[in-house]
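Trainee: Protein sequence lines correspond, in order, to chains A and B. Residues in the first sequence are numbered consecutively from 1, following the working numbering. Residues in the second sequence are numbered consecutively from 1001, following the working numbering.
Do not take every clue at face value.
[Unchecked claim] Covered stretches of chain B (chain A as the covering partner; in silico rule of three or more C-beta atoms under 8 Å from a C-beta of chain A):
| id | stretch |
| --- | --- |
| 1 | 1455-1466 |
| 2 | 1618-1624 |
[To be verified] Straight-line Cα separation of at most 25 Å, SDA-like style, residue types lysine to any residue; simulated pairs:
| id | chain 1 | residue 1 | chain 2 | residue 2 |
| --- | --- | --- | --- | --- |
| 3 | A | Lys165 | B | Lys1292 |
| 4 | A | Lys405 | B | Arg1506 |
| 5 | B | Lys1557 | A | Asp184 |
| 6 | B | Lys1623 | A | Ala409 |
| 7 | B | Lys1566 | A | Val408 |
| 8 | B | Lys1294 | A | Thr157 |
| 9 | B | Lys1567 | A | Asn121 |
| 10 | B | Lys1508 | A | Val408 |
| 11 | A | Lys405 | B | Gly1503 |
| 12 | B | Lys1557 | A | Ala409 |
| 13 | A | Lys165 | B | Lys1294 |
| 14 | B | Lys1294 | A | Arg72 |
[To be verified] Computed footprint of chain B on chain A, listed as stretches where at least three residues anywhere in the stretch have a Cβ under 8 Å from a Cβ of chain B:
| id | stretch |
| --- | --- |
| 15 | 191-205 |
| 16 | 314-323 |
Think of the hints as simulated: they come from the structure by calculation, not from any bench. Glycine residues also receive a C-beta, built at the ideal position from the N, C-alpha and C atoms.
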Amino acid sequence: MTMLFDTIVAKTTANGTSAINVIRISGDESFSIVNRVFKGPDLEKAESHTIKYGYIHDNEKVIDEVMVFLYRAPRTFTTEDVIEISTHGGNFIANEVLKLLIKNGARLAENGEFTKRAYLNGRLDLTEAESIMDIVNAKTYTQLNLANKQLRGDVHTLVDQLQSKVLDIIANIEVNIDYPEYDDVEILTSEIIMPRIKVLQDSINNVLKEAETGQVIRDGIKTVIVGRPNVGKSSLLNSLLKEDKAIVTNISGTTRDLIEAELNLDGIILKLIDTAGIRETNDAVEKIGIDRAIKAIDKASLVLLVLDQSNHLTDLDDTLLELTKNKTRILIGNKIDLGNKIDLKHEKIINISAKNNTGLDILSKEVKDLFIDEKIINEDFGVLSNTRHIGKLEETKLALEDAYKACVASLPVDMVEIDLRKAWTSLGEITGQSTSEDLITTLFSKFCLGK
Amino acid sequence: MLLKESDFMYDILVIGGGHAGVEAALSAARLNNKTILVTGNLKMVSFMPCNPSIGGPAKGTLVREIDALGGQMGINTDKTCLQMKMLNKSKGPAVRALRAQSDKLEYPAEMLRTLEKQENLELLEMYVNRLVVEDNIVTGVLLENGEVIKSKTVIITTGTFMGAKILIGNTSTVQGPDKQKASVGLSEHLRELGHKTYRLKTGTPARIKTDTVDFSKMELSPGDNFAYSFSFEPQHLRVLDEEWPCYLIHTRPETHELIKANLDKSSMYSGLVEGVGPRYCPSIETKLVRFKDKERHQLFVEPESASINEVYLQGFSNSMPFDIQDEMVHSLPGLENAVISTYAYAIEYDAINAQTLWPTLESKIIENLFLAGQVNGTSGYEEAAAQGLMAGINASQKINGLEPLILRRDEAYIGVLIDDLITRGTKEPYRMLTSRAEFRLLLRHDNADLRLTDYGYNLGLISEKRYQSFNLKRDMINRVIEDLKDTFVTPKKEINEYLISKGLPRIKVKMSVYELLKRPDVTFELIKDLFGFDYETTKEAEEQIEINIKYSGYIEKAIKEANKLKKEENIKIPKSINYEEVHNLALEARSKLSEIRPLTISQATRISGVNPTDIQMLLIYLKKSS
């Protein structure tokens, strides 16, 4: 409901590979929120401007070993209570911690929001106003537009349905409260509400599962296999396709640019583009030329660059390495059964033998790690709004659990309704709809009340 | 032209003597302002043209809030009630609600006595035609007889009287409720001054002669035998030897047949009605049209007065011609031979767009003009009274150069009511519902005194004596709660035996009595018994102690949210702000903000069409210009 004084959280280190990530949380509830997920000294009792060591945990599950830097208002960056959590590197861990903090009541900060708070709280100089306004302004419409589009259509529908089911229960309880003497409206009791909450909990778990896997898994990762002639591209393709787990769909296309094969590596779908170039000839690069390789690489989100471990790097290998250096790529050392001649100082090579079907599991794992680390998605917005949405869904889940617990503890239904309302507004923060007018409209359209 | 102090005959002039008008006039006079109440018929002050019942969910809390601020409605209801009933007793404390059936004749009579006794208050029976306005400042009113009364402030509380039309069947008559004369010309004049008005519609059912009703065919719905009172001062409650009950009946299939067959004769469906009716209060015709599948509708038969031979038929409001109404009533159980004493009617009237008001209920267009009550688009006596009280208080604060009293949404239903009206506006008659209050758990009827008595006292509307007894109660509650936190109980044999004897689970570890009281089914009564506490608490104080401990988890969460809201309310926006100077506002936001002119950032966030980004822009602008 309010947004100016809620507690905000964000990763302050840039996306990418780094040894440490820093997550900053600012606002009145910083200490209580972090304390709930922190195993170690009691942060609410700790002194300001100190560092504590401990673990971030989600109930039983330990997420990371961390250092927390405590800053109590007002001598802090935003002048509010601030905690900075140093986690281990990698986006995966940082995102897990972020999600956990959102679930516990923090809101994902918008771009520049810490700075903006610092400014509004008189911490920054007046001359900085313009630049902050630029930050706020720049994100305005792109972000707002993206926020809702980020949610896939079908997930959106699921969230909508879920929200309207919650609203039905709330409206019924409201009618019971505001019109207690109407005998023709069902009187909701804990016994009636509990199974309905269970159903909602099941749906939210499904939505979460759907949302967690994200767009990339559903749509697949556009992948291209490149390499100089005779490195074993087609045998790699064939052994990948031969894998029991691999589901192959041949998609008919009129041009060679279309995705031609889809394979499922442990739940992650790779959409292989330009397989024609591989299938038709062993001589892809020579025959079609480097231009075609560039085009294919350009279109792909993931490049599998195949090298030959039985030989040293050639000029063509070097060209391909150079061409793909800014892409998300996996270097594959094929023919490991025949030698181990290539060793790149700064980059990992996944060694396999396509012929003997060895090392393919390591390759799968590498793809998966890249996906989880979100290196495959290069749009920051996607990552952010996804985290936000999932955080909101987790918040909903928690509220539904509270509602259920309240029923078990035989609290009055209007207390249960407080938790349900929390679930409803959390969902509304995803869909953008949860005004009290919506509730009142539902109330009067579903129930016949009058004087 | 600047008027001198001596040019004014009055400080505050109130137009209209309904529920809003009397509260406005009384609070103004009690705050030592020279006050005059101008109304069409003094016998009809604060009369109840619809059902003679006061309170109920949300509305009952409004009455308690009015009482805590020093208003009259709670006391007047207690003095004239025929029945008192606590609703939602099986639900949680936040939604429990007191409702009274009041005597329709005694209520206005008692109110008139209070008005007549009030110092600083004059009463005048007259209609007002126009306002006297100079340079967009109101300076008085022009009466129907051509006389002018000069007053520093004017409060309009004309209810449903402005441009009123009574609709029955295919007839439309210029008339106010209960055959009173309509107020003609005033709304036209307000439009000339720049206030937008719109048509609203409401209605009331037929009244039946009591001696023609066969109550044996109806289900009895009794009250609680005067166990509760609205006012903090319980001495006002009148306890009758015998309580007047209500009765419950249902419509029959033949009722529905009759209505369906004659639908075209109803004003509602003949095209006569232009006004928007309330969704929560549909007429019986509308209920049948909108809920076709419902086989029956519930109706209540309520007592109107100890001294008239008349009952009220709640749930049966309509605008059918008289002959159809007779048939409809005769189709109901127990009313086969009933005689209608007053027929049902629909009423249409002019309301003003409350978005043209400041949160003090002062007009943004005409200075020193306040509007309160049904004229602002609300429905209900309680909603009207609450606004009247606030308008009276704020008119007084204004002319005495004092800070206005604007209640926040987390402080009072009154705050929710006024904020909704002036910030979001309404398209239908606005009724207070508990679902409108996001801080419902904090805004209980049982703690209205704790929330608001300080305000009432600081204004000067609560007597020293009452304030002292209030403080005793407050201190007692706080002391006992602290005590219970510091008192511990160990799993001793006698403790557990006692718990088991009461059918409660044993305790296994040492805990504070405070924690013990949080358990389901553990009451304060039981704790007193178990530990032999002899606190000198009242029933009301004990209720507070129990609620505050039992629901502390939920209450603390709500308080946390409320604190955020409070902070946003503290960021003020100057009245003089020029939104054209605020960079990067979206077009819609700029126009909405310029129209509503919110006084705080919090209020700005609640305007539809104003997005978070617009709020950021506004904040940055405010910071820069500060």
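Trainee: Hints first: check each against the structure and report whether it holds.
Mentor: Structure-based check of each hint:
no. : hint                    : in the structure
1   : 1455-1466               : violated (count 0)
2   : 1618-1624               : holds (count 4)
3   : A:Lys165 with B:Lys1292 : holds, 23 Å
4   : A:Lys405 with B:Arg1506 : holds, 21 Å
5   : B:Lys1557 with A:Asp184 : violated, 34 Å
6   : B:Lys1623 with A:Ala409 : violated, 48 Å
7   : B:Lys1566 with A:Val408 : violated, 33 Å
8   : B:Lys1294 with A:Thr157 : violated, 31 Å
9   : B:Lys1567 with A:Asn121 : holds, 12 Å
10  : B:Lys1508 with A:Val408 : holds, 20 Å
11  : A:Lys405 with B:Gly1503 : holds, 22 Å
12  : B:Lys1557 with A:Ala409 : holds, 18 Å
13  : A:Lys165 with B:Lys1294 : holds, 22 Å
14  : B:Lys1294 with A:Arg72  : violated, 60 Å
15  : 191-205                 : violated (count 0)
16  : 314-323                 : violated (count 0)
Comparing the model with each numbered hint stated earlier shows that hints 1, 5, 6, 7, 8, 14, 15 and 16 do not hold.
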